[in-house]
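A.B. asks: The lines below spell out each chain.
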Amino acid sequence: MERTTLDLWVGMFVVAGAAALVILAMKVGNLGTYNVSETYQVHAYFSNIGGLKPKASIRSAGVLVGRVTSISLNTERYEADVVMSVDKRYQFPKDTFANILTSGLLGEQYIGLVPGGDTETLKNGELIKQTQSAMVLEDLISKFMYSKAAEPSK
Amino acid sequence: MAVQSTIRAIGHQIVNTVWRIGVAARFFFLTLLYSGNSFRRFHLIIKELFSSGVMSLIIIIVAGLFVGMVLGLQGYETLKRYGSESALGVMVALGLVRELGPVMAALLFASRAGSAMTAEIGLMKATEQISAMEMMAVNPIARIVAPRFWAGVISMPLLAALFSAVGIFGGYLVGVVQIGVDEGSFWSQMQAAVDFREDIMNGAIKSLVFGVVVTVIALFEGFDAPPTAEGVSGATTRTVVTSSLAILMLDFVLTAIMFRGA
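Here the protein sequences come in this chain order: E and L. This note's numbering applies: residue 7 is where the first sequence begins, and numbers increase by one. This note's numbering applies: residue 1387 is where the second sequence begins, and numbers increase by one.
Looking at chain E on its own, in the form it has when it is part of the complex (with noise of 0.2 Å):
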């Protein structure tokens, strides 16, 4: 075969085999959600994040508004340090709320931020002081058994 065809087949095929990458990229990935957009960081302390993971989503009134980044434990408080990256877009005022939600019965679990009233917004750096920890089963399961003990027999 020529060489001028060689080069143009092979040139075509490195395209073909780039272009599935970069689909498999933007498409399949998650390169095409992530960082489109300018975010701000915040982060909570939680007491138990029961299964929240890095990158599980962050949302507000169901609305997907950013991705934790990064979860640590603070050993002076011994508490979950989570850090969350929300979207610029959204400003949420100082005394929101943020609760770890589970999404569906045997879901993955994500934060939900309920905004108060505060006038002024978050900013970069700062902390949500009010946090809902996790539900853990077991928690709940010895509460139940503890005021069942508590209860005056008949």
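Simulated from the structure, these hints should not be mistaken for lab results. Because the structure is a prediction, the values reported are computed rather than measured. Be a bit skeptical, because a hint or two may be false.
[Stated by the list, open to error] Selected chain E positions facing chain L (in silico; Cβ < 10 Å):
no.: 1; residue: Asp13
no.: 2; residue: Val16
no.: 3; residue: Phe19
no.: 4; residue: Ala22
no.: 5; residue: Gly23
no.: 6; residue: Ala25
no.: 7; residue: Ile29
no.: 8; residue: Leu30
no.: 9; residue: Lys33
no.: 10; residue: Val34
no.: 11; residue: Leu70
no.: 12; residue: Val74
no.: 13; residue: Glu85
[Said to hold, decoys possible] Stretch-level coverage of chain L by chain E, calculated; a stretch enters the list once three of its residues show a Cβ under 8 Å from a Cβ in chain E:
no.: 14; region: 1435-1442
no.: 15; region: 1550-1559
no.: 16; region: 1567-1579
Each residue gets a CB set at the ideal place from its N, CA and C atoms; glycine is no exception.
Mind docking chain L on chain E? Use the hints.
C.D. replies: Chain L in isolation, oriented as in the chain E frame:
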């Protein structure tokens, strides 16, 4: 007496295998050492990219489409029981990007391009073209082996990516177009679950490793083949068998390293 000769045969087999691994490793390092020249004469690599990469395109695309369609069909049947048909996209995409894409593309590549490489080099050796090159002070590893090696290494990740992309399209065709899974949740759940670095890059690394292994095995078997018709046919068979087994075993090892705790 029979026991003794059996033991002797087994021992001989083991020593022979280890010896061949050593020779193959030396062959691999020689290939890397003489690769510099083949990059200076890039048209040699392009020629091999055509015969190993472009010629494998059709089988990769057709196989990918059907594998994706089967995944869509089977995944739907299973997920339906738990009422989570919307997770079909996640299942198809993760299955293809992490495992089936690299592995199936490498298996197809081994049988389509690897066997051809072995047969070609084996026949060159049988017809004494390689000895002729050595006579002309042309290094056969630099002239024949290195371009084929790099062509295989370059085309393998591209073929695997194509396989995955076409497969996901096949899953989409069956799941969304034919069965009627909700299109929005198909794509959005897929995008939420598939991570670029964790899943797509690891899949690409896998296919790169498979590309190196398959081409080294194919080239070594061809270079090592006895210069007879029987020898070349045996070497071609060994290429397909050895590289398929190597792909599947390496896949387990790589998966254990990459996806544990994920």
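A.B. asks: Work down the list of hints and note, for each, if the structure agrees.
C.D. replies: Here is what the structure says about each hint:
Because the beta carbon of E:Asp13 sits about 6 Å from the nearest beta carbon in chain L, less than 10 Å, this interface hint is met. With a least beta-carbon distance of about 5 Å to chain L, the hint placing E:Val16 at the interface is held under the 10 Å criterion. With a least beta-carbon distance of about 5 Å to chain L, the hint placing E:Phe19 at the interface is held under the 10 Å criterion. For E:Ala22, the shortest C-beta to C-beta distance to chain L is roughly 6 Å, which falls under 10 Å, so the interface hint holds.
Hint on E:Gly23 holds. Least Cβ distance to chain L is approximately 3 Å, under the 10 Å limit. Annotation: E:Ala25 was flagged as interfacial toward chain L, and the flag holds, the nearest CB pair being 8 Å apart, inside 10 Å. Interface hint at E:Ile29: satisfied, since its Cβ lies 5 Å from the closest Cβ of chain L, which is below the 10 Å cut-off. Evaluation of the E:Leu30 hint against chain L yields a held restraint, the C-beta minimum of about 5 Å falling below 10 Å.
A hinted interface residue such as E:Lys33 counts as satisfied when its beta carbon comes closer than 10 Å to some beta carbon of chain L; here the least separation is about 7 Å, so the hint holds. The restraint placing E:Val34 at the interface with chain L holds, with a minimum CB-CB distance near 5 Å, inside the 10 Å limit. Given hint, E:Leu70 at the interface with chain L, holds; its Cβ is 9 Å from that chain's nearest Cβ, closer than 10 Å. Hint status for E:Val74 relative to chain L: violated, with the closest Cβ pair at about 13 Å, above 10 Å.
Hint status for E:Glu85: violated, given a least beta-carbon distance of 23 Å to chain L, over 10 Å. Only residues whose C-beta sits within less than 8 Å of a C-beta in chain E count toward coverage, and the region 1435-1442 of chain L has 4 of them, enough to reach three; the restraint holds. Only residues whose beta carbon comes within less than 8 Å of a beta carbon in chain E count, and the region 1550-1559 of chain L has 4; three or more means the coverage holds. Using a Cβ-Cβ cut-off of 8 Å, 4 residues of the region 1567-1579 of chain L lie near chain E, which meets the minimum of three, so the contact claim holds.
Hints 12 and 13, counting from the list given before, are not met by this structure.
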